[in-house]
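Colleague: So the chains spell out like this:
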Amino acid sequence: MIIVVNGNSIDVPQDCKITSLLESLDMDTRHVAVELNREIVPREEHPERALASDDQLEIVTLVGGG
Amino acid sequence: MTLPSQTTDRAAATDQQDLLTIGSFTLSSRLIVGSGRYQNAAMMRDSLQASGSDCVTVAVRRERLHDPDGENLLDYIDPDRYTLLPNTAGCYSPEDAVRVARLGREILRSLGNPGADWVKLEVLADPRTLLPDPLGTLQATSQLAEDGFQVLCYSNDDPVIARQLKAAGATAVMPAGSPIGSGQGILNPNNIRICLEYLKQDDPDYPVIVDAGVGTASDVAEAMELGVDGVLLNTAIAHARDPVAMATAMQHAIQAGRLAYLAGRIPRRAYATASSPEDGVIATHPFPRK
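Read top to bottom, the protein sequences are chains A and B. Under the numbering used here, the residues of the first sequence are numbered 73 to 138, in order. Under the numbering used here, the residues of the second sequence are numbered 2 to 291, in order.
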């Protein structure tokens, strides 16, 4: 199924969980926050939270700033 | 660095005890430094250390996809050592700022960093000046304060909006000295003075921080001498020819300005007052004695 992550359409397996998505994208789960369809999903819920087709995700981290 | 021992402010003026309290946060340095615009991450790490600051601002941005070798900022900023202050830089609407603030809080919660509870709110008006949108800032302040954030508001140096931000629930107001990254220093010290008067009236401990516009160390000292509680800066260190040396200069400037403020400057006078006694001068004095 296709989901949109940070503006990019990507193909993931049915019933893909947030944690497995982060792993497949080589992201360090400790350093990111995940917003699913405009709602923040707390880190504790990542292992269980399943994604659905056309889900919109924003995955953000900290960068240098003033 | 010593003051006459009879001054009651002396204890407050020594480096270790003169803490900066902002809401529930206590910082040992009155300098808050940004982590952006450094040539490389190692230079940033060394500069942060040289600045003596224990609070570092960070921005929230999209993570790169498929970049296993990509470095993370947190490889260079120890979240156990620094209190992180996430910002909403790049937001031009209160809605976006609130959204970014919540995402920043979520990352800092995962890290176990105390900075999860606060935010440096920026709601910008346009990319050329990066001046704050006062109405958008006000709206986002109310919403974030309701949401449990301690909001540190990047603001214009206008005393009227500063007072409104405080009334809307801002934990601290942070008037700009001059536009972000412009290096022009404190363009309107009189406005900063009035901001201080308005915000600290009946509430002397209310934190007022000069945020943005610093070009060099004397700008920091000037801000502190006006009586602000701290200074937040980034580019002045990151883009100096020698960032580590400039960071050291900023640390000294914070201390110099703070001590000078506590010590109390002499009034400005139009005419001279002699430091040496007039009595007993052996030279001819062509003017009538006072």
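Hints may contain errors.
Claimed, not checked - Rough simulated footprint, nothing fancy, chain B against chain A, three-plus residues with beta-carbon under 8 Å:
1. 86-100
2. 117-125
Said to hold, decoys possible - Here are some chain A residues pointing at chain B (derived, C-beta under 7 Å):
3. His103
4. Val104
5. Ala105
6. Leu108
7. Asn109
8. Leu134
9. Val135
10. Gly136
11. Gly137
12. Gly138
To be verified - Ranges between beta-carbon positions, derived for each pair:
13. A:Pro85 with B:Val245: 45 to 51 Å
14. A:Val76 with B:Ser219: 31 to 37 Å
15. B:Ala42 with A:Asp98: 55 to 61 Å
16. A:Asn109 with B:Pro205: 44 to 50 Å
These aren't lab readings, by the way, just hints derived from the structure by calculation. In this text the structure is predicted, and so the values were computed from the model without any measurement. Idealized CB from N, CA, C, for every residue including glycine.
Colleague: In ascending order, which of the hints set out earlier in this document are inconsistent with the structure?
Modeller: 2, 6, 7, 14, 15
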